[in-house]
Amino acid sequence: MSAPPPEPPEDIPPGRMPGDGSDAVPGDGSAGAPPPPRPRPGAPAGRRSPWSFAETPVTFTLIGACVIVWLLQLLTGDWIAQRFGFAAYWAAAEPYTALTTAFIHAGSMHVLFNMIGLLVFGTFLERYLGSGWFALLYLLSAWGGSLAVFVIAVADGSPQAVLTGHIGASGALFGLVGFIATPTRRLDRNLTGMLAFVAINIAIIWLLPNISWQAHLGGFVTGFILGCVHFFTSARVRTLAMLSTAALITAAGFAAMMLIPISV
Numbered sequence: 001m002s003a004p005p006p007e008p009p010e011d012i013p014p015g016r017m018p019g020d021g022s023d024a025v026p027g028d029g030s031a032g033a034p035p036p037p038r039p040r041p042g043a044p045a046g047r048r049s050p051w052s053f054a055e056t057p058v059t060f061t062l063i064g065a066c067v068i069v070w071l072l073q074l075l076t077g078d079w080i081a082q083r084f085g086f087a088a089y090w091a092a093a094e095p096y097t098a099l100t101t102a103f104i105h106a107g108s109m110h111v112l113f114n115m116i117g118l119l120v121f122g123t124f125l126e127r128y129l130g131s132g133w134f135a136l137l138y139l140l141s142a143w144g145g146s147l148a149v150f151v152i153a154v155a156d157g158s159p160q161a162v163l164t165g166h167i168g169a170s171g172a173l174f175g176l177v178g179f180i181a182t183p184t185r186r187l188d189r190n191l192t193g194m195l196a197f198v199a200i201n202i203a204i205i206w207l208l209p210n211i212s213w214q215a216h217l218g219g220f221v222t223g224f225i226l227g228c229v230h231f232f233t234s235a236r237v238r239t240l241a242m243l244s245t246a247a248l249i250t251a252a253g254f255a256a257m258m259l260i261p262i263s264v
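Using UniProt numbering, read the sequence shown as starting at 1 and increasing by one per residue.
These are calculated hints, taken from the structure and not from any lab test.
Some hints could be false.
[To be verified] FRET-style restraints, in silico, Cβ to Cβ:
hint, residue 1, residue 2, range
1, Gly193, Pro261, 40 to 50 Å
2, Gly193, Gly157, 32 to 42 Å
3, Val237, Leu187, 13 to 23 Å
Keep in mind that this is a model prediction, so the values were computed, not measured.
C-beta: ideal position from N, C-alpha, C; glycine also.
Build out the structure end to end from the sequences listed, making use of the hints.
Rendered as structure tokens:
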């Protein structure tokens, strides 16, 4: 005598058997259910701030250093600018001022405008290049800006040109602009914003006295050269080409400052 077939459990509707996939709730990820949709390749995991210290630490460190130096300037007067600003006449004795001058500013609007530019262009380029290459670009652009100040002052030859001090992050900042201005389609850049920034700076040079257009020019040329090296060399030799260019610009600056005599 055969036993009657077992009745299905009360919590399973008739016509469904446990384990056959028919008891799965659609969309809950269990067996038999359609899988949940996957995020599109390249889609962000979540909404992130475009200005993140974790992703752009060098940019925010540079901004913090400039702000701290500016606060110290408020406390000490002109001493920091006189001691660490750059002038062609003292370049041979104090070549480090070619870099320290990029952290010193002449007024609240000067530091504010430069830090806004550094925040916008710096975060963009640091995300693209990585922190190490971005730091090299920024410092080398500051160096190139000071080198242009030196060369133009020597060419001028007047006491005012060789003795005038130059301060500000504008040379380094224009190096970032020069890198972005490289003629390539590999950068997803905002050319309108960049051109507006350059136009405003050109207007300031003509409207306000004592603006170091020489540092702007030198920084821009330095950044543009590095941009061309980066974008127009193959990936296989790009690192060597970038480092070689950086070494050449640095050595040329030292040689000029040490070997070209200056008299007043």
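**Asked** Are there hints from earlier that the structure breaks, and if so, what are their numbers?
**Response** Per hint list: zero violations.
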